[in-house]
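Engineer: So you can see what is in the structure, the chains are spelled out below.
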Amino acid sequence: MRRSNPWVATVFFIAIFLLYTPLFYLVLQTFLNNPQDLNSGFTLRWLLKLFHSPALWEPLMTSLEIGVLSASLAVTVGTLGALGLFEFTTLLPTALQSLIMLPILLPEVITGLSLLLFFLLLRVELGFATVVVAHASFSASFVYFIMLEQLKKLDPQMAEAAQDLGAKPHQIFWKVTLPNIVPGIMGGWLLAFTLSFDDFLISFFTSGAGLTTLPLKIYSLMRIGITPELNGLSFLMICISTFLVLLLVSKEQSRKWVLKG
Amino acid sequence: MPLELSGLTKTYGKDGSGFKLWPVDFTIETGEFFCLLGPSGCGKTTVLRLIGGFETPTGGKITLNQKDITRLPPHKRNLHTVFQRYALFPHLSIFENVAFSLRLKKVGRTEINVRVLEALRLVQIEDLKDRQTHQISGGQAQRVALARALVDRPEVLLLDEPLSALDPELRVKMREELKALCKKVGLTFIMVTHDQEEALQLSDRMAVMREGQCLQVGTPKTIYEDPVDPFVARFIGQVNEINGELFGDSPETYSLQSPLGIFRVKKNGHALTKRLNLILRPEKMRLLRQRSQVQENLIEGSICDLTYLGSRTEYTVKVKDTTFKVFEQELERLKKRKLNVGDNVYLTWRTEDAILLNTPHD
Chain Y
2 MRRSNPWVAT VFFIAIFLLY TPLFYLVLQT FLNNPQDLNS GFTLRWLLKL
52 FHSPALWEPL MTSLEIGVLS ASLAVTVGTL GALGLFEFTT LLPTALQSLI
102 MLPILLPEVI TGLSLLLFFL LLRVELGFAT VVVAHASFSA SFVYFIMLEQ
152 LKKLDPQMAE AAQDLGAKPH QIFWKVTLPN IVPGIMGGWL LAFTLSFDDF
202 LISFFTSGAG LTTLPLKIYS LMRIGITPEL NGLSFLMICI STFLVLLLVS
252 KEQSRKWVLK G
Chain F
263 MPLELSGLTK TYGKDGSGFK LWPVDFTIET GEFFCLLGPS GCGKTTVLRL
313 IGGFETPTGG KITLNQKDIT RLPPHKRNLH TVFQRYALFP HLSIFENVAF
363 SLRLKKVGRT EINVRVLEAL RLVQIEDLKD RQTHQISGGQ AQRVALARAL
413 VDRPEVLLLD EPLSALDPEL RVKMREELKA LCKKVGLTFI MVTHDQEEAL
463 QLSDRMAVMR EGQCLQVGTP KTIYEDPVDP FVARFIGQVN EINGELFGDS
513 PETYSLQSPL GIFRVKKNGH ALTKRLNLIL RPEKMRLLRQ RSQVQENLIE
563 GSICDLTYLG SRTEYTVKVK DTTFKVFEQE LERLKKRKLN VGDNVYLTWR
613 TEDAILLNTP HD
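Just so you know, the sequences run in chain order Y and F. Residue numbers for the first sequence follow the working numbering, beginning at 2 and rising by one. Residue numbers for the second sequence follow the working numbering, beginning at 263 and rising by one.
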């Protein structure tokens, strides 16, 4: 076993502390009678008030719709890309491989700005559709890498076995390849959805005047002043994101069990 | 329905710099258990993949039952492969794995049921039909792969080292079952293996391959007792070799001159050149304690190692710079005085048991 270094542990706990204290404070404020006063007692008032603010419901629905559509689009593009390029990955020059990774590495401001300029160039009216496309375009590269990993785990002889047993190329895909990459597709979809649901910068650039997603709404409310409802809303977003991440992790975990079994 | 390979070749790499399969010619009869035997990289798997349709030949022809199948894609060939690591479909149950080809052919529900169960019964795993692929052992996966390949009654079954992933005990058991299965279903089985014992036990006939060339095709008996190439002799069983030159020939025999003496060998019809290898199987050699009445094919040496193996004893005998392996069965134990390491002995063999072959050029 590796000897544990006390410094590593210390730094780790400081990092965790720095990461989670602000979040914890935000959640705490949601439940305080007077968010500015730690001794004011607990209440569910702000959370309940949130459910009576129709102004927040519309952005939430918009965010969910955009999330579902962009995740589906990203999964389609990313999966097809991975399927198409999988056999050539060893042949592709490294430069081209990193090009696919670029959207992950680029600062989001740049991605957002370039997408905005691109949409303007095409004279597309900014709004719901542009946000969906923009989100899908950057989550697709995440999906691509998830699917590539998934495909690497597949037994290459499986497709040959299917063909050998009489399957035509399209039957190999629908009856053998696809059912075996479903875990990756679901994981990729959840990740893409989370990315879209949490995204602020790219939505900010590509949403135009009329459309407001949840993160955009939080931002605009904050400019008026931080209200307790805002805390509640943030709490809700943390819950949704955490739930999705847990779903992802548990999927991964159950797959490992199946493989071990 | 014989399977004929004529002038089948395959070259990898654009300029022919890669692996090359030299023209392969042989006919595999219906119902025959045929083994492709050779060390790894000899091209045996390439031949199997060419027959299966997973590779396109550079030249030559494959005909199955007089029908040219050289350019047909795998899904249009009426033959199935059992893959080395079985390649079962993990998203399907055992039953559905076996039913796969029948479902593709849109066979009716009741018939699928009957035929899948029949195939599972054939390999004795009927009770596993509802399991998932991760719930069965390697040996069972092997049987599922066999059932899956047999269920829609192909003309030929191709087996790619099917036993190599099993543990030794199971491997020996499966050999017997495979052989029985082949005779029972009456299909042509073509199996790739690098295990000479497996090939000897299973084959009706076999092809021995090396470096992309098919060296010899024949029954196990022919291959063992009348090899055409020193490599074949060395690959199947064990051999002792004496290098020498052709010294003379009489109507019945050749004589070979070597550093160990002059030996006579019965003529066997091979065209001989000057440089020759005399091949002697360890179990066909005898050890004598004293120079006996035998005058020819006799060499003197000393025992440098012996291993008692129950049914036989293996002796290592040193003669000048050469060592010989001799296997003696202990039938005459009582008559013979015990031999020890360091003892002086005479080696002898019958003239007709020696095999004389040309020394390969390489």
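Derived from the structure by calculation, the hints contain no laboratory data. There's no promise every hint is true.
[Unchecked claim] One side only, chain F facing chain Y, incomplete, derived with CB under 7 Å:
no.: 1; residue: Asn340
no.: 2; residue: Phe345
no.: 3; residue: His353
no.: 4; residue: Ser355
no.: 5; residue: Phe357
no.: 6; residue: Ser363
In this text, a Cβ means the ideal position worked out from N, Cα and C, and glycines have one as well.
Engineer: Now tell me, hint by hint, if it's right for this structure.
Structural biologist: Here's how the hints hold up against the structure:
| no. | hint | result |
| --- | --- | --- |
| 1 | Asn340 | 9 Å, violated |
| 2 | Phe345 | 5 Å, holds |
| 3 | His353 | 4 Å, holds |
| 4 | Ser355 | 12 Å, violated |
| 5 | Phe357 | 15 Å, violated |
| 6 | Ser363 | 4 Å, holds |
Going through the hint list in order, the structure does not satisfy hints 1, 4 and 5.
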